[in-house]
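Engineer: Protein chains in written order, with my numbering: chain A, 1 to 295; chain B, 296 to 590; chain C, 591 to 885; chain D, 886 to 1180; chain E, 1181 to 1475.
It should be emphasised that the hints constitute simulated quantities derived from the structure, not laboratory data. Every residue, glycine too, gets a C-beta built ideally from N, C-alpha and C. It is possible that part of the hints are untrue.
[Stated by the list, open to error] With beta-carbon atoms standing in for the labels, derived distance ranges:
# : chain 1 : residue 1 : chain 2 : residue 2 : range
1 : D       : Arg1017   : B       : Ala459    : 19 to 29 Å
2 : D       : Arg1017   : A       : Asn93     : 31 to 41 Å
3 : E       : Asp1394   : C       : Ala862    : 50 to 60 Å
4 : C       : Ser647    : E       : Glu1390   : 30 to 40 Å
5 : D       : Asn966    : E       : Leu1450   : 22 to 32 Å
6 : C       : Glu832    : E       : Asp1394   : 38 to 48 Å
7 : A       : Ala18     : C       : Ala754    : 50 to 60 Å
[Claimed, not checked] Every beta carbon over 10 Å from chain E, so not counted as near; a handful from chain D, in silico:
#  : residue
8  : Glu964
9  : Ser982
10 : Ser983
11 : Arg1105
12 : Ser1138
13 : Gly1173
Chain by chain, the residues:
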Amino acid sequence: MSTPSSGATARLGRLRSADAGGAILVLPYDHGLEHGPVDFLEHEWGSRPASILDLASRTGIAAVAAHLGLIGRYYRGTERNVALIAKLNGKTNIPESSAPLSPLTGSVEEAVRAGADAIGYTLYVGSAAQERDLRQLADVRRDCERLGMPLVVWSYPRGSFVDAAGGRDSLYAVDYAGRVALEMGADVIKLNIPRRHDPELGAPPPAYLELEDDRSLMARRVVESCGEAAVIFSGGSQRSDESFLAEVRLALSAGAAGMIAGRNIFQRPLEAAERLIAEMSACAREAGGAREGPA
Amino acid sequence: MSTPSSGATARLGRLRSADAGGAILVLPYDHGLEHGPVDFLEHEWGSRPASILDLASRTGIAAVAAHLGLIGRYYRGTERNVALIAKLNGKTNIPESSAPLSPLTGSVEEAVRAGADAIGYTLYVGSAAQERDLRQLADVRRDCERLGMPLVVWSYPRGSFVDAAGGRDSLYAVDYAGRVALEMGADVIKLNIPRRHDPELGAPPPAYLELEDDRSLMARRVVESCGEAAVIFSGGSQRSDESFLAEVRLALSAGAAGMIAGRNIFQRPLEAAERLIAEMSACAREAGGAREGPA
Amino acid sequence: MSTPSSGATARLGRLRSADAGGAILVLPYDHGLEHGPVDFLEHEWGSRPASILDLASRTGIAAVAAHLGLIGRYYRGTERNVALIAKLNGKTNIPESSAPLSPLTGSVEEAVRAGADAIGYTLYVGSAAQERDLRQLADVRRDCERLGMPLVVWSYPRGSFVDAAGGRDSLYAVDYAGRVALEMGADVIKLNIPRRHDPELGAPPPAYLELEDDRSLMARRVVESCGEAAVIFSGGSQRSDESFLAEVRLALSAGAAGMIAGRNIFQRPLEAAERLIAEMSACAREAGGAREGPA
Amino acid sequence: MSTPSSGATARLGRLRSADAGGAILVLPYDHGLEHGPVDFLEHEWGSRPASILDLASRTGIAAVAAHLGLIGRYYRGTERNVALIAKLNGKTNIPESSAPLSPLTGSVEEAVRAGADAIGYTLYVGSAAQERDLRQLADVRRDCERLGMPLVVWSYPRGSFVDAAGGRDSLYAVDYAGRVALEMGADVIKLNIPRRHDPELGAPPPAYLELEDDRSLMARRVVESCGEAAVIFSGGSQRSDESFLAEVRLALSAGAAGMIAGRNIFQRPLEAAERLIAEMSACAREAGGAREGPA
Amino acid sequence: MSTPSSGATARLGRLRSADAGGAILVLPYDHGLEHGPVDFLEHEWGSRPASILDLASRTGIAAVAAHLGLIGRYYRGTERNVALIAKLNGKTNIPESSAPLSPLTGSVEEAVRAGADAIGYTLYVGSAAQERDLRQLADVRRDCERLGMPLVVWSYPRGSFVDAAGGRDSLYAVDYAGRVALEMGADVIKLNIPRRHDPELGAPPPAYLELEDDRSLMARRVVESCGEAAVIFSGGSQRSDESFLAEVRLALSAGAAGMIAGRNIFQRPLEAAERLIAEMSACAREAGGAREGPA
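Excised from the complex, chain A in its bound form (with noise of 0.2 Å):
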């Protein structure tokens, strides 16, 4: 990896919400894959792909990050103002795994084809398959560079050793995952606000204990560790506007490039997930657009 190319550059910035001050929002949507149709039970229209570009192209969603598959079977290349990342590796949830790695589901190449704006990778860092994985992503990155395409890291601690150090969201964990994903050259990080570690799973290292203080802190904290890489924070399962929003808030005054909400969006009525969007792209406004950065 070297200078990120003009073609990378540009394409980040296609993930930028004006709606919502330049902030990253991001739609994902391989919970088809990840989870299965369960996630889309409760309100149909979610279950549709059209439905979910449609939606990003209404409001101010800035990308859509979806597998290959559904890429290439709804999107037409039409649709105004929403960006695509192209997921290329993703598992199911069954069997669960104590050394989990997705495999590959496409190429950099052929999500340029598709028109997609970035890349997504899922790495779990700590899972006995990171051997696999890291080397799967070096792959990705190259072929990133190869032809402009930033890369965006869903960075997730995972494994036996992180839950024994207090579990996969302790401050430790999330810090670390973080990192890696920078040294690896990720261009965006995903990761999960920090909070305190679970002291009936174990541990983290010493020094890490002193550090779990007010989760406004620990997030700042993990956004340093990503350094000049845009850090986006995950929505998480399903929670309440005024919850969601606090997320938001406290996202973004930790210094947080923006947001990735999935589950928080489409698992609402068609009309509330459109005014917690509204919502969501006032408070990124507000917050005075995303930290500086690269992104």
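Since the structure of chain A is provided, determine the placement of chains B, C, D and E on it from the hints.
Structural biologist: Same frame as chain A, but now just chains B, C, D and E:
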């Protein structure tokens, strides 16, 4: 591998520090991947790749070793007096593995494009995964030769057999690791200064017992086993200035071509780090520069 | 071609002479192929590639440009303070051709292995063979980008059309040649300082007639046509010290990034050559270094 | 594989020692990788690759076998009377493996560039990893044929099945290993001189029981199983001059094409090593040269 | 092209004749293609490739140069003391061409498989086809480097411009041809001993007129223009023993590394040829071996 090309020779020369009388002084900076941000918690400047490059640019440090992700995001090519060693494989420390192997995180060609002057590779001698490790290293070396890039091998004894022979830092283990790197074609070999074996773990081959002498003589033996490849010794984990400089003197008087020091640099206040580098450079100048050799 | 990589930027920096305040000072040494040994007859030292490398190593000359055959036989990689521009195409002056084209004499990959810091290419703008020339140059530029190598284009107006428009050194012809090199992706462009057209040959487009001013203004115009690419002007065939240094001052005051001088160096006694280089370096320092720019 | 090319035949001829009446005399020098520097502890000269090459150059040793890393660093191409066998696979002895496989440490093309005259490959017949081993060997042989390089196979019986049949040096095991190498296309096969099976380990197929005769006859049988491929027997671990020379006589009288001796050479004082080589060469001359054959 | 590999150095050494004090003595045998069997009409043995190989094997001739067709049909690899130069391009003398170019008749890889020790290439300096010739040579040289094969260039001035400058054997023409071969990366350069220009054809550049001295000084000048490449002079068409040996002495005293003689060998009775080779070898021994140099 054949006779070193003029490209490999010219680039190897850039790892030598004029300020240190020609000794190779390397600042490794892959801890974010290998250990996580925990290594940077105490001194925040050390978490910033730009600060590391700037420090190397202003001091006797001749080269910084980092993964392509960091190089791509932070190295501009306008920094003066700092050569880059692109670290091409690595892993996290989670999970701990009884069969460690660092997968590739990039390619020699990407490193050349990024402006690297040398390639770094971590080899785990004694790991149950050595079959893949040696093959992977052979492929990297072939590309190094094709593009005139010198090869720096971090040669680490690891695994249960190494432990059962008295531990990873025993003279036996380090001596073997150095020789393996030479046979595989390393231009520069990074080793720990050997020490007496740990009798609680086990015992090395009898012939090594009588060679377990003072550390200076053990270091010299290891340097000789590496033949015409240049040896650089590790400064190891953080220690006092006096203790660190004693290691530097021991290493250089034993015939090492230089030192590699990371945590002893960035786990100090910036001013203390600069002072220590100046003293290390002075030690090296006084030691009459590095030993003769191909590097 | 996209944004210059950090590798291209770093290597381009090596063409700048610290001794000359950052100006690019190149000694071309492909005359043995282009003209034959006749250029070396008067001063025997100039026929010896080792003497040329040694001279560049000891003086403000930052880079030597030569074909891979000479580089392979004479460059050891241990020479200090001399960057190499691998000249990748060339031809003899026999037979004279009305459709000149310099065929490839090597590849970018070979140049990288040999330790070159930049690639040199001769383009004949206006030649009846330009179809193959532009295609060949595009291929070289693609490999330059892949391996982070800056591209120096010798851009020469040639052919009957050029003659009929007033000659190869007219403002019209040089201005066009410079712009073609910029459009093709040159990082550095080697041009002759333009002069008034030769009315016995023909006349340039009318708009150029009124631009034919003093040589300093014409040189400045050409530099501006090359935009952010760095221009280096040729010293041309042998002339007196005073006359040569006047050219240097004219070139640098017109905004050139530096000079390229071969016959004015090696067609003098060695001591006179060293003295002239020292004076040229002083001129460049006084000129406040080279103009700003990407090179 | 087809009829040996003229290149393979010419290069194979260089493994024959004129001083030894045309016998193949090989000094293997891969112990630094296979066993570590422990093999060199007693006689320091043996740890230096340059001393090994020099010794071979001055004596009846026709060829040295080493990995490309050593060849690249020590072989200059100016040494007289010494052919090189590039050992293309190898492993350490840590950890011990129940499924040994020596991964590739280089390629046939690299060996040709380095100036090697033959390729060496270690095959573990009976290893649980033989599936990959045979495939890897087939690939190496294909490249050998493409580039006219003779193939020397170190054919070692290994694994629990071999043990259960009476051990790795039994006539049954060695005979099988030799034949496998022939079927895979070896030009030269390195074997240990077989001995009676170890009844404490197990028993070979009944037909082999009655063939377990004196070692000379067993050696002859193995040579015949290798057909027109040339057999060289190993000198094994260190023994007295008399004992070693008896092995040489036994081997050559049994029809072997020559000997391969490492530790019996470099684990002696240099003068003793030279004397032993002279005596081994004399033995070979007296034995009337090696048996007839393609090698 | 980079620093010569150990393979290129080792193989180049095989072109030197021990019997001739280290001089390079080559018997070219491509006349069947270049001139047709007419060259063999007088002495029938010379038409038989096997006789040529046998002669070289028994005398001080170190190498035979031939096309792959002949090598494949006649060379067995069992011939002793004869190295092969695979001539990789050639042409007939019908039709005569004003733009001569010898197309490829094989590849470097085929030559390696056949057991060749060097590659031969004919370059027509000054030909109207030089564009394709230089490019073709550059490709051959790249493969030579990849496979460690030394490159012998037959560098022939040709074409109307060469004629108009005084003929193909003038000092000017030969001097230029030698230098072009050096710049293109030849290890060994085959030239004719230059003579005064033919004023009926035309005149060389004035600077060469005053250099037209006795043939010994002109030969020395040409050797110096070839720098560190080894020059071998041609024996030319058939002449008397005395006249031929005078050429040999002149060549070696002028600094040539050796001789190349075909028609002066095989256009004599076999016994006379053997006697002449013995005398040529003696001349070379007396001349103190070949000049110093990389070959």
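Engineer: Take the hints in turn and mark each one as holding or not.
Structural biologist: A quick look at each hint next to the structure:
{"no.": "1", "hint": "D:Arg1017 / B:Ala459: 19 to 29 Å", "result": "holds (27 Å)"}
{"no.": "2", "hint": "D:Arg1017 / A:Asn93: 31 to 41 Å", "result": "holds (33 Å)"}
{"no.": "3", "hint": "E:Asp1394 / C:Ala862: 50 to 60 Å", "result": "violated (31 Å)"}
{"no.": "4", "hint": "C:Ser647 / E:Glu1390: 30 to 40 Å", "result": "holds (33 Å)"}
{"no.": "5", "hint": "D:Asn966 / E:Leu1450: 22 to 32 Å", "result": "holds (31 Å)"}
{"no.": "6", "hint": "C:Glu832 / E:Asp1394: 38 to 48 Å", "result": "holds (41 Å)"}
{"no.": "7", "hint": "A:Ala18 / C:Ala754: 50 to 60 Å", "result": "holds (54 Å)"}
{"no.": "8", "hint": "Glu964", "result": "violated (8 Å)"}
{"no.": "9", "hint": "Ser982", "result": "holds (33 Å)"}
{"no.": "10", "hint": "Ser983", "result": "holds (38 Å)"}
{"no.": "11", "hint": "Arg1105", "result": "holds (26 Å)"}
{"no.": "12", "hint": "Ser1138", "result": "holds (25 Å)"}
{"no.": "13", "hint": "Gly1173", "result": "holds (19 Å)"}
The structure does not agree with the numbered hints 3 and 8 stated previously, though it agrees with the rest.
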